[in-house]
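Build the full structure now, drawing on both the sequences and the hints.
From first to last, the protein sequence lines are chains C and Y. Taking this note's numbering, the leading residue of the first sequence gets 67, the next gets one more, and so forth. Taking this note's numbering, the leading residue of the second sequence gets 327, the next gets one more, and so forth.
No wet-lab data here; the hints were simulated from the structure. Note that CB positions come from ideal geometry on N, CA and C, so glycine has one too. Hints may be right or wrong, so weigh each one.
Label-pair ranges, simulated between beta-carbon atoms [said to hold, decoys possible]:
| # | chain 1 | residue 1 | chain 2 | residue 2 | range |
| --- | --- | --- | --- | --- | --- |
| 1 | C | C370 | Y | P450 | 48 to 54 Å |
| 2 | Y | T749 | C | V213 | 34 to 40 Å |
| 3 | C | D157 | Y | G548 | 51 to 57 Å |
| 4 | Y | Q374 | C | R95 | 56 to 62 Å |
| 5 | Y | G452 | C | I217 | 45 to 51 Å |
| 6 | C | G278 | Y | K404 | 55 to 61 Å |
| 7 | C | V213 | Y | T592 | 24 to 30 Å |
| 8 | C | I217 | Y | G610 | 15 to 21 Å |
| 9 | C | D157 | Y | K421 | 20 to 26 Å |
| 10 | Y | G741 | C | F374 | 38 to 44 Å |
| 11 | Y | A707 | C | L119 | 51 to 57 Å |
| 12 | C | G165 | Y | E666 | 54 to 60 Å |
| 13 | C | I217 | Y | E497 | 27 to 33 Å |
| 14 | Y | G741 | C | G165 | 18 to 24 Å |
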Amino acid sequence: MSRPAPAARKRTRKDTAGRPRRARRTEARNARAAAAFVLPFLALFGLCFLAPLGYALHQSLQKTERTGPLGLGREHEAFAGFAHYAQALSDDRFLTGFGRVLLFGAVQIPLMIVLATALALLLESASARGIAFFRTAFFLPYGVPGVIASILWGFLYVPGISPLVKIAESVGWHVDFLSRGTVLWSLANIVTWQFTGYNMLVLIAQLKAVPGELYEAARIDGANAWQVARHVKLPLIRPALVLTGVFSIIGTLQLFAEPMVLRPLASSIDSGFTPNLHAYSEAFVGNNPHVAAAEAVLLALVACVLSFGFLRLAGGRAEGRG
Amino acid sequence: MTNSPMHRRTVLGGAAAVAAGWALAGCSDSGDGDGDAPRERKKGQKIQLTFWSWVPGIDKPVDLWNRKHPDVQVKVEKVSAVNGQQYAKMHAAIKAGNPPDLGQIEFPVLPGFLLDDGLLDLAPLGVARHKNRFFGWQWQQSVFGKGVYAVPQASGPMGLFLRQDLFDKWEVSTPRTWDEYETAARAVRKKGAWIETFAPTNGNRFAGLAWQAGAKWYGTDGDTWLVHIDDEPTRKVADYWESLVGQKLVKTIPDRQNAWYKDLQTGAIPAWVGASWGDALLVGNAPGTKGKWRAAPLPQWKAGEQAFANWGGSTTAVFAKARYPKDALDFAVWLNTAPESIGLLIDGGYGFPSAKKGYATTDLDVDKDFFGGQAYSRVFADAGAHVDTSWRWGPGVDTLYQRLGDAFTDALADGGSFRSVLTKVQAQTVADLKGKGLKVESGG
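Below, the structure is given as structure tokens:
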């Protein structure tokens, strides 16, 4: 944190009874300055993060009660306890959705990060040509909004329209990108296409920060390009790898736009295909905001546990090695 | 914020008459203090009503109304009808306390809005005097208990669209019964095409087919809602389509999607059990097949019967918070009964009118050339006259459709029986309604 000013330090030696007044004043001023800097963040954090979370928590514990003939009279809110959580946790479709995104993440995240790392290392190797062009080309899909990307890929998946299916069929290979068994991986393909370039850029940024002397030293020691990548670059971009990993975990749990867009095209995507889609359906199709709130809170909880778990795991291993 | 923008403008308008009207309205306000209590318009007072709709061409009749009624201006705000987004928006607006004055609401989802206390009961405003201007069964769709909650606008009597040229070429005759339909499906399959698709996610059409077979999914008994999705007629329909799917005589792709349109264009699917408004879909999405289509009555379970059903159709409803209910109702009635309005709505392609008068069946044959000159609306008019009038909708139909879609999808993937779908959805629907705090009993 802030280091005391040299002048204050000199006084300290003279003053033996507690801390000098000047230093205390400086500290108070520093604290005030710090508060002024932190306040906007705290306000935004409270407004955009804590408040909605609090509201969701509140909503998830309420229920609607109805009176009057056929329940058409007045409605009022009452305390429901954890009934909605129990309902969400006993809903097969909701739980299956969780299982599905976890499977999705377990396959797609490592694949994407390995791909992003490979691209980053290739583009940052000394011999690479047309770096700027390729970097932009790989990053471009990230600029396409998820909904548009899904529509675009949807056209490539739907039989009867898709040129891919046509080509596959012309060589006698019958593919159905939207069948129950394959649709999850068709979605994984869209997500990978979209986010590999983004993750690659994060990794490149970290690679750029590596001092050139390290490579030079390695080369003088006789390391070849592969050894430099394996023993110098990879350990140094570890923080960036952990970061992209956490982002991807959170992103996977929030999977929504892609299945939402493909849903009308593929009857294999049901209303609870991902937990987010399930919560959406509860809130906006079923008009059950309380259950949806409970599901949203559960989703946030799982995202939290998984992200911190991953950080812990990654951090722990780094310490063990160091 | 309790003041709506319009409310504020009215007050700021400052005319003495307006202020007096406001004060009076304040007195009659039953003390819940939200200041948005319904009011009566003073003579000569200018107001504006907002109307959320997605019907194509709705602007035209509304413009006409605005020209004729300078004091009561209606502003159309278009809402998206994709995936039920319009209803999500309306429910949210009701919750937030700022719904529009009027809204376009389909028959099946009306009860869901009643649960939200979202719609105005039009009975105290004397809506009953307009009853005879509408087809009886459509009027009944908005009647719950003693209340009338919307003015019917359009319906969708069901029928069979088919490619006459292909049926002729393949020497398949137009099926008049469901047995003949299966025979036709087999003949079409032999020619390499599929008669049509059983779209697992289309709960709407499945409900129509059950309706035709004599099912009654919802009912009321005193204060209790009754749910009968798993009943004999519905089982019959489920068994029938399960058998077609099992024999691979129909596709199972979603309908009204790109792949389906493509199949219609190429003749890979030469038929469609659809509804009256389907003409616009065919014309719009398979323009190259002009002149080759015909409409035929919905196949019957017993030869010579006259059992028909409805798919779609909607109402103009007045929201509970509407501040000038009388004017809103006047507009809703005019929109759906005035001949000049119906004419413009028909041109826009809004469906089959709910009003008995004000148009001729031939007015509806807007795309006659597309159907080889056939007066195809006659088919749907006949169907509309024979729709089982006792069918009622209950709350949560959107959820029901989703449940049906999910369960049919599961059944198709795992080879489960369609009957098990009904059992499952029946139980889920009862639980859903109980979850909404309603009294429910399971029947069927």
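Taking the hints in turn, this is what the structure says about them:
1. At about 52 Å, the beta-carbon gap between C:C370 and Y:P450 stays in the expected band of 48 to 54 Å.
2. Hint check: Y:T749 to C:V213, Cβ distance near 37 Å, so the stated range 34 to 40 Å holds.
3. Under the hint 51 to 57 Å, the C-beta atoms of C:D157 and Y:G548, about 31 Å apart, miss the expected range.
4. Against the hinted window of 56 to 62 Å, the Cβ-Cβ separation of Y:Q374 and C:R95 comes to about 57 Å, which satisfies the hint.
5. Distance hint check: the CB atoms of Y:G452 and C:I217 are about 49 Å apart, consistent with the given range 45 to 51 Å.
6. Here the CB-CB span from C:G278 to Y:K404 is close to 59 Å, well matched to the stated 55 to 61 Å.
7. Look at C:V213 against Y:T592: about 28 Å separates their beta carbons, and that is inside 24 to 30 Å.
8. Between C:I217 and Y:G610 the C-beta distance comes to about 19 Å, which sits within the given range of 15 to 21 Å.
9. With their beta carbons about 23 Å apart, C:D157 and Y:K421 fall inside the hinted range of 20 to 26 Å.
10. The hinted range of 38 to 44 Å is satisfied by Y:G741 and C:F374, whose Cβ atoms lie roughly 42 Å apart.
11. Hint check: Y:A707 to C:L119, Cβ distance near 56 Å, so the stated range 51 to 57 Å holds.
12. In this structure, C:G165 and Y:E666 meet the distance hint of 54 to 60 Å, their C-beta atoms being roughly 58 Å apart.
13. For the pair C:I217 and Y:E497, the beta carbons lie near 41 Å from each other, so the given range of 27 to 33 Å is not met.
14. At roughly 21 Å, the beta carbons of Y:G741 and C:G165 sit within the given window of 18 to 24 Å.
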